[in-house]
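Chain residues, written in single-letter form:
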Amino acid sequence: MLALQDRLRRKDEEVIAKIMDGEAVIINLSNGLYYSTDRAGGAMWEMIDAGHRLQDIAAAITSRYDVAGSRAETDVLRLATELLREGLVALDGRDGTPPPGLETADQAKQPYEPPQLTAYRDMEDLLALDPPTPGLQDIPWKG
Amino acid sequence: MRVWLWGELFWPYIGGAELFAAHLMLALRPRGYEFAVVTSHDHLDLPDQGEYRGIPIFRFPFRSSLRRGHIEELASVRRRVAALKREFAPDLIHLNGVTPNAFFCVNSGGERRVPLLVRLNQEAQRMHAGPIAGSLLESVLHRATWVTSVSRTLLDDARQLVPAITPYSSVIYNGVDAPADPPAAPPLDPPHILCLGRLVENKGFDVALRAFAALRERRGARLIIAGDGPERGALQAQAEALDLGASVEFPGWVAPEAVPQLMSRAALVAVPSRREGLPSVALEAAAMGRPIVATRVGGLPELVLDGHTGVLVDLDVTALSAAFDRLLAQPDRARQMGQAAWRHIREHFSGEQCVNAYDALYRRVAALPAA
Chain W
347 MLALQDRLRR KDEEVIAKIM DGEAVIINLS NGLYYSTDRA GGAMWEMIDA
397 GHRLQDIAAA ITSRYDVAGS RAETDVLRLA TELLREGLVA LDGRDGTPPP
447 GLETADQAKQ PYEPPQLTAY RDMEDLLALD PPTPGLQDIP WKG
Chain S
2 MRVWLWGELF WPYIGGAELF AAHLMLALRP RGYEFAVVTS HDHLDLPDQG
52 EYRGIPIFRF PFRSSLRRGH IEELASVRRR VAALKREFAP DLIHLNGVTP
102 NAFFCVNSGG ERRVPLLVRL NQEAQRMHAG PIAGSLLESV LHRATWVTSV
152 SRTLLDDARQ LVPAITPYSS VIYNGVDAPA DPPAAPPLDP PHILCLGRLV
202 ENKGFDVALR AFAALRERRG ARLIIAGDGP ERGALQAQAE ALDLGASVEF
252 PGWVAPEAVP QLMSRAALVA VPSRREGLPS VALEAAAMGR PIVATRVGGL
302 PELVLDGHTG VLVDLDVTAL SAAFDRLLAQ PDRARQMGQA AWRHIREHFS
352 GEQCVNAYDA LYRRVAALPA A
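Respectively, the protein sequence lines represent chains W and S. Those letters in the first sequence? Residues 347 to 489, by the numbering used here. Those letters in the second sequence? Residues 2 to 372, by the numbering used here.
The set of hints was computed from the structure by calculation and includes no laboratory data. Be a bit skeptical, because a hint or two may be false.
Claimed, not checked - Have a look at the derived ranges for each label pair, beta carbon to beta carbon:
#, chain 1, residue 1, chain 2, residue 2, range
1, S, Phe251, W, Leu375, 39 to 47 Å
2, W, Ala436, S, Arg80, 25 to 33 Å
3, W, Lys364, S, Pro132, 21 to 29 Å
4, S, Leu45, W, Leu350, 28 to 36 Å
5, W, Lys357, S, Pro231, 31 to 39 Å
6, W, Leu375, S, Ala247, 48 to 56 Å
7, W, Ala436, S, Tyr169, 38 to 46 Å
8, W, Leu437, S, Asp317, 16 to 24 Å
9, W, Ala436, S, Leu243, 54 to 62 Å
10, S, Gln161, W, Pro445, 44 to 52 Å
11, W, Pro457, S, Ser77, 38 to 46 Å
12, W, Pro445, S, His71, 21 to 29 Å
13, W, Ser409, S, Pro132, 17 to 25 Å
14, W, Asn377, S, Glu73, 19 to 27 Å
What you are looking at is a predicted structure, and each value in this text was computed from that prediction instead of being measured. The C-beta atom is built at its ideal place from N, Cα and C for all residues, glycine as well.
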């Protein structure tokens, strides 16, 4: 079971990810599964990926979003547990030096929605289906 | 109102979904709608931006970038979609069928959440063959502001898969413009059985071939399998193996404007599909006053009234062959069914009803908060 002192690391060889407009898109290359997060989830993923402790991530989230510290801690732990269960990250232990501290936000806090990790488990199967019009010639469409 | 019509493919690719989108946009444009089409590149070498009768088309490498799984390419596509979304500022996104590129539709970025209207067609049946949990279809349905389905059967399936959509989902049947007067009876010398559509496995044309070969009395009948697709070679080989010779024709792809003429040659139209939504070929056949022999799948039982406008069968060679036999042996009965089909279409599946329903729904959904 994860604790707030834990740090995780992305499975570099298998998992690629990108933050896009604050949301994370994650691909597990080993099984072809796609994932996405919403905004708060994207921020959490970015900090998890950078190797920060879960408690530091929750504190950073509390400073950036309009959310109570206890709620942020619960949500960070839940997202981290899901990422671990999906095999996207591994436990990095509690030892070692965490990266430099996280910046706290000075500006007005953003509205908060709990992080959501959305999985697209069928993407590989869907892409394997025949494309809608294979083998057709270039045909004029007289509409 | 500004609407993004988001589809797997669009002009010059052609199919039921593409024709539906084209007809709907052209019919709604005079009512004050401004459309743009967002769609995939596919095997044709087409520019990123095109136009169909004044409607802009924006093509993205959705499928290829997903298939390659290059995160930078995905990010680039998404950035381009988000930029276009900011520029066009749609009031509504109409997702015309749930296919892999829906991934970009529900992850299109941008600051503003836009109401999403999802139209389910037979593609959804292919997609939920696996578990619904953690699937793209589930994600799309959860994000939808409203869900329409081309048939009651498909809608019931979708509601069972994701019950949360029940209060914000409805059926809108596809429509077709039937002629004002009953179409003329078909020439019966010889009688033609017509199959029309993409030559793919789920259309069941292989079963139609075997049923045709098993006719007790062929009465000089001919079978036309019109359309093109990956199964064409296999179907032609099957016709040869069944020793059907010149009694089967494969005229290839048929232009939409040539379909009514082709239908007018047919004594009956066969729709022996394994899976279906509400196929346009069945609507067109009924509009042209042709009886339909169809399988009891998808929305077909909602369109074909068994024993009244056509005959419904299970996907079975013997049953299909018997239905062909019955209608070929009773041309007067077949003609009466065709006339009943024409009346049924005029009353319940007109193009105007479909367009009016989407017009009303667009206005309603655009005013709802986006999920």
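Query raised in the report: Broken hints, numbered, in rising order?
Result: Numbers 4, 8, 11, 13, in rising order.
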